[in-house]
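Protein chains in written order, with the UniProt record's numbering: chain R, 1 to 406; chain Z, 1 to 276.
Just to be clear, a hint being listed does not mean it is correct.
What the hints assert, rightly or not - Capping the alpha-carbon separation at 25 Å, the derived lysine-lysine pairs in DSS-like fashion look like this: (1) K209(Z) to K194(Z); (2) K65(Z) to K100(Z); (3) K72(Z) to K268(Z); (4) K343(R) to K100(Z); (5) K268(Z) to K343(R); (6) K135(Z) to K183(Z); (7) K183(Z) to K199(Z); (8) K77(Z) to K25(Z); (9) K54(Z) to K135(Z); (10) K343(R) to K65(Z); (11) K72(Z) to K25(Z); (12) K97(Z) to K343(R); (13) K40(Z) to K54(Z); (14) K343(R) to K331(R); (15) K343(R) to K223(Z).
Claimed, not checked - Here are a few chain Z residues that face chain R, going by a calculated C-beta distance under 8 Å: (16) G17; (17) I19; (18) I53; (19) K54; (20) L98; (21) R102; (22) D106; (23) S227; (24) Q229; (25) G233; (26) S234; (27) R240; (28) L242; (29) Q245; (30) D271.
In short, the hints are calculated from the structure, not lab data. Note that the structure is a prediction, hence the values are computed from the model and not measured. C-beta atoms are modelled at their ideal positions from N, C-alpha and C, and glycine is treated no differently.
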Amino acid sequence: MELCFFFEQAGIGLNREEIIRIWLALKNLVDTHPLQHVRLWGKIFGTDQNYYVAEVEYRDNEEEEGEEDEEAEEHQEEETEKEGEEGEEEEQEEDDTPKPDFKPPPTIPKEGPKQGTNKKTYFVCNDPGKPWVKLPTVTPAQIQLARQLKKFFTGRLDAPVVSYPPFPGNEANYLRAQIARISAGTHISPLGFYQFDEEEEEEEDAEARDNFVENLDFEGIPIRDLVEPSLANWVHHVQHILPQGRCVWWNPVQKNEDDYEDEDEEEEREEPDEPEPEQGPPLLTPLSEDAEIGNIAPWTPKLSSSLVPQYAIAIMHSNLWPGAHAFASGKKFENVYIGYGHKYNQENYSPPAVPAVQEEFPSGPEITEAEDPTPEEEAALRAAKQEAAEAQEEVEEAEEEEDEDD
Amino acid sequence: MESESLYLNIDYVGSSGIILSPEQKAALQTSLVILQSENKFSKVYFWGKILGIKDDYFIAQGVGKDELEGRKTFYSKDCIHWGLLPPATRQMRDTSKLAKGRFTGDPSFEFEHSETKKVGEGEETAEEEETINIKEEDRLSSVIADIDEDVRIVPRAAFIKTPLAHVIPNRSFEGLTVSESAKLCNYMHFRHPKLLLEKSLLQRANLDKAIDFLDTLEEDIPKGSWSMQFERGSGLLTLRSLLWQGYVFYHIPGTRKFGSVYMGTGEKNLDLPFML
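Take these sequences, add in the hints, and give me the full structure.
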């Protein structure tokens with residue numbers, strides 16, 4: 001509720017009355033599910049209905065009930081994974097090797113629960129008060145394709161996504177992929193609010209760190225520094241998604257030799273142009289490292305009030321994902337997204353071209369068609385053959401005679 | 001939306017993410033009244049907000065006796081000081097379409113657009129680079145004119161055309177019923193009609209000359225460029241334009257309350273055909 005007040009100061013957000021209804025809906029969600037942490041992620045407009053998105057974290061040791069969207073196999077695997085490594089450093093889970101029952105076309109395995117793109121679980125509802133629906137986990141293929149799409153949400157989770165290239169899944173999957181992309185791009189916090197866990201830091205030096213804890217000594221950054229145009233005082237606290245569609249790079253060559261890196265579509269904006277392994281900026285990278293969009297700065301910092309700057313709060317508007325906002329005031333900060341769920345692009349969207357027509361089989365003498373011989377030609381050939389055969393016979397006979405003579 | 005009841009009406013579009021901070025509301029409430037009396041307008045509308053990278057523009061429009069003719073547009077960056085925008089001429093609107101990207105927030109900023117043209121005939125073709133400078137103020141003015149022309153809508157019968165061809169608010173307008181308000185044909189583009197003149201006499205025979213002097217939304221191309229939603233049961237109707245993302249129209253069925261506001265980046269959604 002308090003956060004709503006801050007957002008209203010900033011001139012973003014929703015009605016107060018609506019916020020209260022959402023808040024009650026969130027409370028309902030907490031009552032019915034074993035959740036540790038819930039927050040309003042944002043609102044996405046659809047053509048028929050809107051989505052309210054809640055970001056939740058399950059309590060530790062609580063198995064998610066009724067994993068209806070997971071296949072039974074994966075469910076089992078997750079359970080075993082969890083049993084083995086519950087509470088320990090998640091880095092081991094991170095290095096999931098390709099599962100043996102994979103089919104030949106290389107599929108990038110999706111990231112397990114509580115890591116990478118699936119770190120948090122999301123619930124959506126169309127109207128505060130209506131039942132919350134849990135979104136399925138996202139797969140790298142969905143993220144890759146979602147990058148190529150630009151479609152309006154309809155507001156019905158089971159609606160098909162009619163698009164080219166074809167999207168694997170329905171609108172719920174598309175929504176989940178967009179949420180993952182938006183979170184990775186726009187969830188920011190003031191520098192120093194989070195810090196890396198020091199114990200883990202020693203164990204894994206080279207590996208990307210994916211865990212952070214709240215910094216208890218965080219004092220808050222003065223507002224004036226937060227709105228500095230250099231943006232060095234804000235950091236991302238959600239892992240960057242690699243072009244592969246995962247947060248942690250998974251080596252496709254481990255299992256099968258064929259390299260499909262070239263399939264990876266255009267690099268994300270912050271992506272350094274490296275062949276492999278793909279590497280994104282580490283967690284808690286300052287915003288000043290964000291690449292520009294064309295010639296537009298990726299973030300617009302603002303003060304909520306120009307008249308009384310001493311009591312203003314700092315607001316950040318994302319220009320890359322219009323509708324994503326963040327504010328910070330003292331020790332508090334929050335992110336919210338209210339928009340259509342599309343990335344900003346200076347150029348107009350153009351769907352990827354249809355792949356080139358497959359080439360025909362190279363024409364060679366084996367498959368070249370020849371004209372059928374006419375009866376006269378056949379007759380001539382037959383006569384020629386007969387003659388040859390007769391000649392042969394004569395020769396043979398002569399030879400035989402010679403043989404007999406010997 | 002009308003400036004007098006701005007404080008109440010802005011809540012109706014809040015569910016679309018359009019919110020003014022208390023400071024902006026307070027500033028607008030006082031400055032728009034001053035603007036109205038200084039310029040002797042009969043009404044001042046709060047038109048909306050165009051988001052720039054460094055700064056935002058708040059837009060207000062004043063009207064005299066005739067609602068459709070002679071609108072004057074003002075912009076402000078702090079909600080207090082208002083500056084008159086030059087009316088958008090046809091040429092301005094054509095050139096400003098060449099400017100790409102977001103508004104910066106500085107009215108004197110100049111967008112540059114260069115294109116190579118082929119000059120000469122036959123074999124003597126030479127490529128010549130032509131640079132057009134577009135001032136942001138002009139672009140702002142033409143974008144507002146474009147939005148007004150493309151998506152500004154009113155409920156049917158909210159305005160009437162008098163025999164003297166003045167367009168005035170209809171005093172006997174009592175709002176659309178719930179079932180009426182769910183139909184796109186009951187909303188009209190508040191601009192000089194373009195498609196109406198193309199209709200055949202037979203089609204025009206049933207129209208009421210005083211009321212149906214505008215184009216309806218039903219004929220908009222592409223179909224589905226409006227997203228219609230009921231909120232609060234059926235107590236509030238919201239129409240969002242997908243062509244100009246950020247344009248929101250609201251109407252409370254059964255009352256005279258309607259209005260619209262634009263809050264967006266000032267860029268037309270040219271990708272619309274791909275996105276539906």
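Structure-based check of each hint:
1. K209(Z) to K194(Z): holds, 15 Å
2. K65(Z) to K100(Z): violated, 36 Å
3. K72(Z) to K268(Z): Holds, because 22 Å separates the two Cα atoms, which is no more than 25 Å.
4. K343(R) to K100(Z): Holds, at about 16 Å.
5. K268(Z) to K343(R): Cα-Cα ~15 Å, so holds.
6. K135(Z) to K183(Z): violated, 40 Å
7. K183(Z) to K199(Z): holds, 20 Å
8. K77(Z) to K25(Z): holds, 14 Å
9. K54(Z) to K135(Z): With Cα atoms ~16 Å apart, K54(Z) and K135(Z) stay inside 25 Å; holds.
10. K343(R) to K65(Z): violated, 43 Å
11. K72(Z) to K25(Z): Holds. K72(Z) to K25(Z) sits at ~21 Å (cutoff 25 Å).
12. K97(Z) to K343(R): holds, 21 Å
13. K40(Z) to K54(Z): violated, 33 Å
14. K343(R) to K331(R): This hinted pair is violated, its Cα atoms lying about 29 Å apart.
15. K343(R) to K223(Z): Judged against 25 Å, a Cα distance of about 24 Å means the pair holds.
16. G17: Holds. Min distance 4 Å.
17. I19: holds, 5 Å
18. I53: Constraint on I53(Z) satisfied, holds at 6 Å.
19. K54: holds, 7 Å
20. L98: Hint violated; L98(Z) Cβ to chain R Cβ min 14 Å, cut 8 Å.
21. R102: For R102(Z), the interface hint holds, since the closest Cβ of chain R sits about 6 Å away, which is under 8 Å.
22. D106: violated, 13 Å
23. S227: holds, 4 Å
24. Q229: Holds: closest Cβ of chain R sits about 7 Å from Q229(Z), inside 8 Å.
25. G233: violated, 11 Å
26. S234: Violated, because the Cβ-Cβ distance from S234(Z) to chain R comes to roughly 13 Å (cut-off 8 Å).
27. R240: This hint holds: R240(Z) lies near chain R, its Cβ roughly 7 Å from the closest one there, short of 8 Å.
28. L242: holds, 7 Å
29. Q245: holds, 6 Å
30. D271: holds, 4 Å
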